[in-house]
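Engineer: Protein chains in written order, with this note's numbering: chain A, 1 to 211; chain B, 1 to 263.
Bear in mind the hints are in silico, worked out from the structure with no lab data behind them.
Honestly, I wouldn't trust all of these hints.
What the hints assert, rightly or not - Dumping the calculated SDA-like pairs for lysine to any residue here, alpha-carbon to alpha-carbon at most 25 angstroms:
hint	chain 1	residue 1	chain 2	residue 2
1	A	K59	B	R253
2	A	K59	B	D252
3	A	K59	A	D49
4	A	K59	B	T170
5	A	K59	A	L20
6	A	K59	A	D100
7	A	K59	A	R174
8	A	K59	A	E26
9	A	K59	A	S209
10	A	K59	A	G90
11	A	K59	A	S139
12	A	K59	B	R255
Said to hold, decoys possible - Label pairs and their calculated CB-CB ranges:
hint	chain 1	residue 1	chain 2	residue 2	range
13	A	E21	B	V77	33 to 43 angstroms
14	B	R180	A	E16	41 to 51 angstroms
15	A	A62	B	A197	53 to 63 angstroms
16	B	R89	A	A98	50 to 60 angstroms
17	A	D65	B	I58	42 to 52 angstroms
For glycine and all other residues, C-beta sits at the position ideal for the given N, C-alpha and C.
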Amino acid sequence: MVLFSARSATRRPWFEDLSLELDAGEVVVLTGPSGSGKTLLLRALADLDPLDAGLLELKGRAREDIPPAEWRARVTYLHQVPVRLPGDVGANIASVQALDAQCRRGAIDPGAGAVGAGNGAELAGLAGVSLDTAAQHLSGGEASRLALYRALGLSPDVLLLDEPTAALDVPLARAAEQAVLAWAQDGGAALWVAHERGLAERLGAREFSLG
Amino acid sequence: MTSPIPLGSLELALASLLVLASAGASLMLGLGLGRRLVLAGVRATLQLGLLGLLLRWIFSIEGPWLVVSWMLVMGVVAGGEAVRRTSHRVAGQWRLSMGVMLWTSMSVSLYGLVVVLRVDPWYTPRYAIPLLGLVLGNTLNGIALGLETTLSGYVQERDQVELLLAHGATRREATRAVVRRAARTGMIPIMNSMVAAGIVSIPGMMTGQILSGADPAAAARYQVFVLFIIAGGVTLGTIAAVLGATRLVFDDRDRLRVERVRS
C-alpha cells in the first residue's frame, strides 16, 4: 500500500523529475553525494521549505488539502543536528507532545500522537538521560537519541530522518536502527538519509539515490 | 495658578552660556565634542523655535484639517523612524510600521481626547498635538524594539521554531516564545518609566506644568493620565508590530522563511 508519494517538477536541478513512493512499513535509505540536496529534499517533503512545483500525497490526500500543522505532525522531519529547547529533558518532551496537532491525532486514532507517546520517563530512559537534566547539557548523542525516540513515540505516518545515528557509537546506533525498523513494522514509513554504505543492506531497505 | 516667569532672549542667552562653557571644557580636555555640542545646541534652538511658531499658527486656525494632517505627518515620520532604528529588515516592514504607528497612536489619543478629557472639539490642537506627540514618541520605541527582537529572534532561534513546526506546531504555537519575548522587550521602557515615575525624577511633562505655574497635584493627575494613555499605545503598538512582523516571515503554509530577513 502506498503511504506517501512525492513527484517534483522543480527547476532546482537536484529534484528534477524526482518520483518517490513509500509503502507502509517500509524504510528507504536516501543516499547521494554531499550537496546533492538530501536535507533540502527532506525539508521540502515535511513542508518546511517550499517545493517550486510538484505533488506530495499522504494516504492519497494531496498536501494542499491537509493543514500544515497536521501534515508535519504526520510527516515529521528530524533535524540533522538535534535541537534543544529551553528547559530540562522533561520540558523538551512535554512541549512537543502537548502540541495541538499531536493531541488531536491521539484523540482521533488512538495509538498515534501524544496519547500513545509513552510517558516522559520512559522516553528519557530510552535515550539514556534523566528527565531533570537541562537540555543544554545533553551530549550530541544523548540529544539525538532523545529526538529520535521522542519522534518514534509520537508515531507519525512518515519519519524523515537526517542522519539520525551520526553522533552515536556503534551499539547505540544499531539499537536506534532496530527501533526505527520495529516502529515501521507497525505501519509507518521512514526516509533515512545516510552516508554510510552498508546501512541499506543491514536494514534490508530499498536505496534511493539523489544526483 | 501663579503665572510663569517669562523667558526672553536675555534669559536664553544666559542659559546658553552653560552649553558654551561645556564646549570650552571639551576643547580644553581634547574630547572633540565642542563643535558637535554647539551645533546640537543651535539645532535644538532652531527646531524648537520653529516648532513653537508652527504650533502657534496651527492653534490659531480653526477646523480639523490642519491638525489631522499634522498628526498624519507625525505618524508617518515616526513609523519610518521605527524601521530606521532596526538592524533587521523584511519586505513589508515599512507599511507594517507606519500602519501600526498611525492606527494605535491615533486610537489611544482619540480615546484620551474624546472619552477622558472630553475636549470640545476633539481636535483642539492645544490638546491633540502634544498628546499625540507623547504617544508617538513612546510607541515608536516599543515598535522599534518589538520589530528588532522579533526579527532577530527568528534568525537566531530558527532551529527551535522549526523543531516545533516539524512536529506539528501551528504558527502560533511555534512562535510563542519569540513573540512573548519581543512583546516584553518592547514594553520594558514604558514599564520602567511607570514604575520609576516620581521616584527617580519628576517626569518631563509634569516638570513643565509645574514650571509654568500649575498646581503640582493637578500636574501629577495629568502625568498619570498621560502615562496610562502612553502605556495603552505602546502595548497595542508593540503587540501589533510583533505579530505583524511574525506574519511577514511566515508564508501561507506556516513555513518560517528566514531568508526574507536581511540584516
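Engineer: State the violated hints by number, sorted upward, taking the hints as numbered earlier in the document.
Structural biologist: Hints 7, 10, 11, 13, 16, 17 are the ones this structure does not satisfy, whereas the remaining hints hold.
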